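Once you've looked at the hints, dock chain X against the given chain P.
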Amino acid sequence: MRILIVEDDPRLARGMAASLEAASFAVDVAHNCEDAVAFAAADPFNAIILDLGLPDGDGLELLKNLRRSGDTTPIMIVTARDAVDDRVAGLDYGADDYMAKPFHPREMESRVRALVRRSVGSPDPVLRVGALTLDRSTRRVELGDAPIDLRRREMAVLETLMGRPGKVVPKDRMAAEVFALSEAVAPNALEVYVGRLRRKLSPDGPTIHTVRGLGYMIDAH
Amino acid sequence: MPIKAGLLPRSLRGYLTVVVMVPLVALVTIFATITCWMIDSSMNDTSDRILVGSTRLISRAVNYDAILQERLLPLAVGLLQRRSAPVTHYSIHDGHRLIAGRADLLPPPDYSADGRLTGPLHPGARFTLTSRDPVLTRGYVDPRDAEGVVQPAYLHDGMLNGRPVRIATEMRRLTRNGHLVAVQVADFLENREMSTRVALQRVVSASVLVTLIALVLFYSALAWGLIPFATLTDRIASSPRDPLHFRRLPDGDGPREAQMIARAYNALMARAERAVGSLRQFTSNASHQLRTPLAVLRVHLDVLQTYGAQSPQGQMALDDIAHAVDTLERLLQQLLALARLDEQAGYSGGQFDPALVATDVIAARLPALQRADVDISFEEDGQAVAAGEAALAAEMFGNLLDNAVAYNRPGGKVVVRVLRSAGSVRVEIEDDGPGIPPAERDKVWERFYRMSVNANTSGSGLGLPIVRALAERMGAQVALRDGANGRGTCAVIDFGVSGEGDSFAMRGPAAHEPVP
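Those sequence lines, one after another, are chains P and X. Just remember that the numbering used here sits 1 ahead of the position in the first sequence, which is counted from 1. Just remember that the numbering used here sits 186 ahead of the position in the second sequence, which is counted from 1.
The set of hints was computed from the structure by calculation and includes no laboratory data. Just so you know, these numbers come straight off a predicted model, no measurement behind them. Some clues are possibly wrong.
Distance condition first, Cα-Cα at most 20 Å in a straight line; then the derived EDC-like pairs of lysine to aspartate or glutamate [stated by the list, open to error]:
hint, chain 1, residue 1, chain 2, residue 2
1, P, K168, P, E192
2, X, K629, P, D59
3, X, K629, P, D57
4, P, K65, P, D97
5, P, K65, P, D36
6, P, K201, P, E143
The shape of chain X in the complex, shown without the other chains:
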């Protein structure tokens, strides 16, 4: 996942912390909200139950004869006042006459001054049933207690002393005189809210604390977990003095993820080392090859100065200088050709007529062939179209032909053949010179390798490597084998046939009519 700058921290530690902590904080918030809501509703429920329970207790105490009521009512009120959450605001009205409690806690408006209920009945207070709740009769466990209850206890909001209160009201017709009395108990809402607020504050504090602890734990766990990677970074960063020393990291310690990085790094280092090694080898070989012609130049320039251009030594020096310059020039050309081949990407299709290319190459070399006293002939069996590029193929043929001529004998022969077969086009360049011993056939493909018997000739050891690099680019196969009758060398190049359909169409006539 890309880490965007600005919005999120750039360090993995900070980033992961943010990514984990944001949902965690959201979860804690949701959990705290639910907890607060449950606390709130449960406290309201409890307070309402207490309110309603207190109302019934007082209402029950009122429904005795006057003497008993005189004793029971203070007792009930006293009991209620000794509770942890005292409910002390109550009133008992018989019409407009106050029997007990606070006068300012007025009965509801549908209770008339002469003690009658003017409105419809209110539904009694209901609470969520629990398994412990018994079956109630108008709010009472004992049905006898419910006798005379007209309006079962119900809850409504009102005002007392100018402050909002929750009021529970029950109306009961007294057994002793048949009067309808309104029993009310009130609870100040602000008292309830205060206790709720304390509980909520505790929940919020606990949530913040939990979040902070989680943050600290997570951050330090992350820091601890990232130690192997920091170690790895240090090891990679503390590179040795030698810039070409490809030091490997120990990949056996640390967690598996760090080991994977170390192994990948080591594999990369190994590849880089191989690449630099071969480059180094190449550079060293190239400079080695350049040194001898340069030494020849320098020494013979000195000879020229010492003896003068007209002396026999001077003539010899001029000849050798010209030769050294030729060698250098050829070497440079071949080095450049190889460098270009190394640089270029894979070959991208194309086709050419190998016979045409081969004859062009031969034609360009006819004067040289005559000078070398080598006889050349060309053979083909029908037209063919090979996959590749004419210019590259010409370079290949040219190199092989030059070899066939240079490593031949006076009066020797060179044969160039173009042979067609199913799925490939074969080009052979065969000489009847001294040939290449089988033991050397693999080595001659190596850059700068020179067969010891040819040490005195002017080759660079790059011709065949160039041929191979060209073949690889065009997807062709190139090999060396014995020439005819076990004499000389035959270079064999197998080209692919480009685009079957096309080539069939082009080869069509040739397949039926012999080409003269």
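Only chain P is shown next, with the shape it has when bound in the complex:
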């Protein structure tokens, strides 16, 4: 899951990013409106966390502009302003959620997960493909009744694939969802993670197919 944090306070942004990364999100940080617009246009994010007080403009304006340009990424506003009017304005301008500072990082994580789930059309936190289940809230993966231990990246790859079972997920799209811009990624990193996943799922689990030149696809057989 790829998340964009738009927050002007570098220390807060750093902490939020570290928290989300610990929850196996890939996180990018923008410190002002300009960067935020550029980031959002360049990559498909699964959610944007937006602070309203930004040095080069108001977060609400940024929100309005994003929505006007057709961006449908779920956006959660995080701000120190907590007057009812501010919340209403934020939601009316097209935000999907609102959280007042100071917030608990775990609440932030679960709200972001809920946003992402809703945006892919399935509010059920548990993804299923055949006997394989992935609980997006508890980050548990089970094959039948046996738990499977996955690393952070493997989890991200599997989550992306299981979000669209039976469909080919383009390689670049998957990379964008799994890796943050700041991460140094080897060219074959995705193949490595997919290979490890295949080993952990075999022999009873669903198969991850490689569609050459296109990407990957998961199905129950």
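Frame of chain P, contents of chain X only:
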């Protein structure tokens, strides 16, 4: 006028009623008393006139020859008896012999039994003259009627039948036989008093009635007049749910006095609303400022738990936590400083040496200045004494100096100057950092305002507002302008000079001898 409890009613209506009715009752009483006295004296006067007139009529009737007297006397008495206030008690004595009337109405003691007057003459009865009264001869209009009158009619008190009477007596020497006769007519005093009492009772009743009507009219007029104020009270009392909603009253209706109250109330509400508004704004700003460092704390505590203190993320979290705590601490200090300044009343005189205070402030910050790689210098042109308080001035200088250092560049310069001029002492704190654009120079004085380029630094937006509040307390002027050569910012504080005489005495030597 203060309304005392106990003596007077506490309501304005009752109070005014009492205040107006007491003098009114006194006036009515005085008026009724005067009226009663006039009625009494006028009735007595009238009765006396009737008495005296009756005496003269009978006396005149007696002074004819026997035949005529036989006819005239009953006629005169009859006439008198047909009056509305009949006078029937009369006697005519010739010595001890009764000619007519009641025998028990005896002549006065100075009239002897043989028909002589033994004492001196009594002055005749006199009444207040009116314009209609003719000139009288011994009581008679026609002087011929007065012939033979020895003692003109006079009034005196006596007894008849054991009851007090008013008696009119006239003595006349009869033309026909030369005898001195005493003619007397008496009137029972109790009869007079009875009619007087009836009249007085009517006056008293009328007075009471007038007083009661006045009371009712006044009280209801007052009640009617107070209606606008009762309405006003109701409007104020029926406050809306929201305790912070400062509703205004309509001030266009009602009498002028009620309008004045409504306007004064509205002005008060407006002031209260402004005060609460700015307080609300301040609280909201303050809590806004506190939220971000709190969020940093919370998020990094979580990072610390997740990654452990030894990991790179943990180290970063510890660093950020320390920074957030610093920010919170500084913010709290500044909020408290502002709150204290807001609370305290005006400044009450005092003086200080700005150069001394400035050097102390600089000395306390030397380590920080070195860390920040900022070069500082101090200049002064002679000794000066400024009006103000050293501790407050130190706080001002400290805040401005911190700004000059924080918003400077590595290798930058800060100059602190103390300049003397007639009537003021100027302290300048100048840096050659990026400076403040002219468009922002007014805004930086607002509480919590932060220039957008400084959003990432740890300031609270309270430093300059504190400086301004301190300046206001000490009667000093503070302004920002461009630094030397249009670079950086120069903060200029103009202090007043305290007590001209003192400061001249203290500055005396410095004015002549250059200070090294």
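Evaluation of the provided hints:
no. : hint              : verdict
1   : P/K168 <-> P/E192 : 18 Å, holds
2   : X/K629 <-> P/D59  : 18 Å, holds
3   : X/K629 <-> P/D57  : 17 Å, holds
4   : P/K65 <-> P/D97   : 13 Å, holds
5   : P/K65 <-> P/D36   : 16 Å, holds
6   : P/K201 <-> P/E143 : 11 Å, holds
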